[in-house]
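Q: Residue-level listing of the chains:
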Amino acid sequence: MKNRSLLQNNFEPLHLVFMGLGGVVILFIIAPLLGMFLKTSPYEILETAGDKEVINSIWLTLWTAMAGALFFAIVAVPFAYLLARKEFPFKRLVSGIIDLPIVVPHSAAGIAILGFISRDSLLGQAVEPLGLNLVGSPIGIIAAMSFVSIPFLINAARDGFVAVPERLEKAALNLGASPIRVFLTISLPLAWRSILSGLILMWARGMSEFGAVVIVAYHPMISPILIYERFSSFGLKYARPISVLFLCVCLAIFILLRLLSGRRENVTRR
Amino acid sequence: MLHVDNLSVSLGDFKLSDLSMTVEEGEYIVVLGMSGVGKTVLLELLSGLLKCDQGSIKLHGKDITHSKIQSRPIRLVYQDQALFPHLSVRKNLEYGLRCQHTPVSSMNRTLDALSTQLKIDHLLDRAPATLSGGEAQRVALGRALATEPRLLLLDEPLSALDPQSRATIQMLLRNLHRGGQTIIHVTHDYEEAVSLATRIVLMENGTIVQTGTPNEIFRSPKTKFVARFVGIRNFVAGELISASDNLNETAHFIKNGIQIAIMTESGSGPGYLMLRSEDITLSNKPDETSALNVFKGVITDFIQTSAGVEVVIDIGFDLSAIITQKSIQRLSLDIGKAIFISFKATAGRFIGES
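In order, the protein sequences belong to chains A and B. Count the first sequence with the working numbering and you get residues 1 to 270, in order. Count the second sequence with the working numbering and you get residues 1001 to 1354, in order.
Hints are computed from structural coordinates only; laboratory data are not their basis. One or more of the hints may lead you astray.
Claimed, not checked - Computed footprint of chain A on chain B, listed as stretches where at least three residues anywhere in the stretch have a Cβ under 8 angstroms from a Cβ of chain A:
hint : segment
1    : 1074 to 1082
2    : 1090 to 1104
Claimed, not checked - Have a look at the derived ranges for each label pair, beta carbon to beta carbon:
hint : chain 1 : residue 1 : chain 2 : residue 2 : range
3    : A       : S107      : B       : S1132     : 53 to 63 angstroms
4    : A       : F90       : B       : S1132     : 46 to 56 angstroms
5    : B       : F1014     : A       : V104      : 42 to 52 angstroms
Claimed, not checked - Pairs of lysine-lysine, DSSO-like flavour, derived with a Cα cap of 30 angstroms:
hint : chain 1 : residue 1 : chain 2 : residue 2
6    : B       : K1296     : B       : K1255
7    : B       : K1068     : A       : K91
8    : A       : K86       : B       : K1068
9    : B       : K1015     : A       : K91
These numbers come from a predicted model, not from an experiment. Note that CB positions come from ideal geometry on N, CA and C, so glycine has one too.
The whole structure should be built from the sequences, with the hints applied where relevant.
A: And the structure:
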């Protein structure tokens, strides 16, 4: 009721044009996805869901992307705190380096990672006695996924920490808390929502990665690569059901996490 | 108990220089000054949130100049309370105790006593965002007091509050002081200073310009700045006899047997009368005026000031009036001459002593 009257009061023909343009954008995003759904029969999806290769790839994609995000959460979140709070020499350069993966073409990123973990590299030689070959292993996949998605986590976490008033940290210190206690009980909980949304972004970005992973590890096959393989071997019709299935799984988890993190916010507000 | 020696710090344009002060156990020090003179910086230096460039801070004989913030037995209550928004009132109160690894049973005992004393026991499960200004201030005080600090620092604890909560908190602070808590309280409000302080420290441009009891500061401001800041030359210690319940009746302030009618809502008791020099009128005859206060006195001094001539009149105690040179000639005033002074009951301002 209130919204409607607001709309009427502020009626502006120009906004109608803008809304029309917005409609084009929304359609551009929705239409291909919707088309893909509509052209796939439920039978095909069910059949694909029973395909062991497909299920394995989806599972592999989910856990490798998650593992990368969690590992780097432990390593990168404290660093993000430092970026938010302290001034140090070459800070701008460091920030630039963190954003670098966003601009590096993903196939080039894959090549770089491959050189880094191949058997000839220092890292490859270091783990060879353990009987490990990083190329074509889940670890290689995690490395490639994390490389292209880490900026999302660090930047979100840094913004989260920046938004925590420094005064609260000082108040905690004044009450006798050690710096690590202040970090764990004040800074981290207050920045938690940003960190969580950074984690979700990093995870989602990692799962959708194709270019970097395909160079580092064609096998074991993550879903984006399996989709590509089905497409190039059998054609569009055979790549569609697995695309739909993978998309559904991603969307479901994405929406669930968004809801969970949204609920947290309500709790703290109340 | 607290000895501060030649404390100096530079923060961009601001400089705090050569600040020295001593605080005895159980004192209630009010640091009074305009905004930007470095009062908050002083508190941050004492609590260790800021590092000083020079000088030393000793607490109970122990040099704490370079001690870590978390190891100083000093608690600071921020002007905006700085309660932790993600923790309940209870968790906020417990925070300092948890840092000291206090056993749960003794923590609960402290919390019970404290929340009863501060009247916040009904708020324990609330989130800080839902508290009123006065409630939040009481919780912030409780959080600081839970760990029984040697020294309590208060940064403008009353300025953001409505008059009602202000009175409550003021009462609370007075009781804390009576209980032996050593307090340093920073404010720009001289009424707060007069009603709470055992000693006032006046700050100007990053340093201390005068230290003394409220009486000393207001009776004999050392510098022109102090005088101007204080703004009131007539500062009289005495006793108030409050009017009956009738609000329209005036109360009486008594000093050396002389009764002065004033309007105030304060209850009876000792305190200070403040009277602006500009509000006092001089005349050669006891005119019939609406002013309730008319006294006969003797002129004892003339002091030239930028605002006019300050005439000091003894009516049993000294009062000063500011008048123009022209008026002096017109009334042919001179030292030793008897004169009548008058002022309205509403001109007098009473501030009760603790």
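Q: The structure should be examined with respect to each hint, and the outcome stated for every one.
A: Verification of the supplied hints:
Look at the segment 1074 to 1082 of chain B against chain A: 6 of its residues bring a Cβ nearer than 8 angstroms to a Cβ of that chain, three or more, so the hint holds. Residues of the segment 1090 to 1104 of chain B with a Cβ under 8 angstroms from some Cβ of chain A number 4, which satisfies the need for three, so the listed coverage holds. Roughly 60 angstroms separates the CB atoms of A:S107 and B:S1132, a value that falls within the hinted 53 to 63 angstroms. With their beta carbons about 47 angstroms apart, A:F90 and B:S1132 fall inside the hinted range of 46 to 56 angstroms.
At roughly 46 angstroms, the beta carbons of B:F1014 and A:V104 sit within the given window of 42 to 52 angstroms. This hinted pair checks out: B:K1296 and B:K1255 have alpha carbons roughly 15 angstroms apart, not beyond 30 angstroms. Taking the CA atoms of B:K1068 and A:K91, the gap is near 27 angstroms; set against the 30 angstroms cutoff, the hint holds. In summary, the hint linking A:K86 to B:K1068 is supported, as the alpha carbons are separated by about 19 angstroms, within the 30 angstroms threshold.
Restraint check: the Cα-Cα separation between B:K1015 and A:K91 comes to about 29 angstroms, which is no more than 30 angstroms; the hinted pair holds.
Checked against the numbered hints given earlier, this structure breaks none of them.
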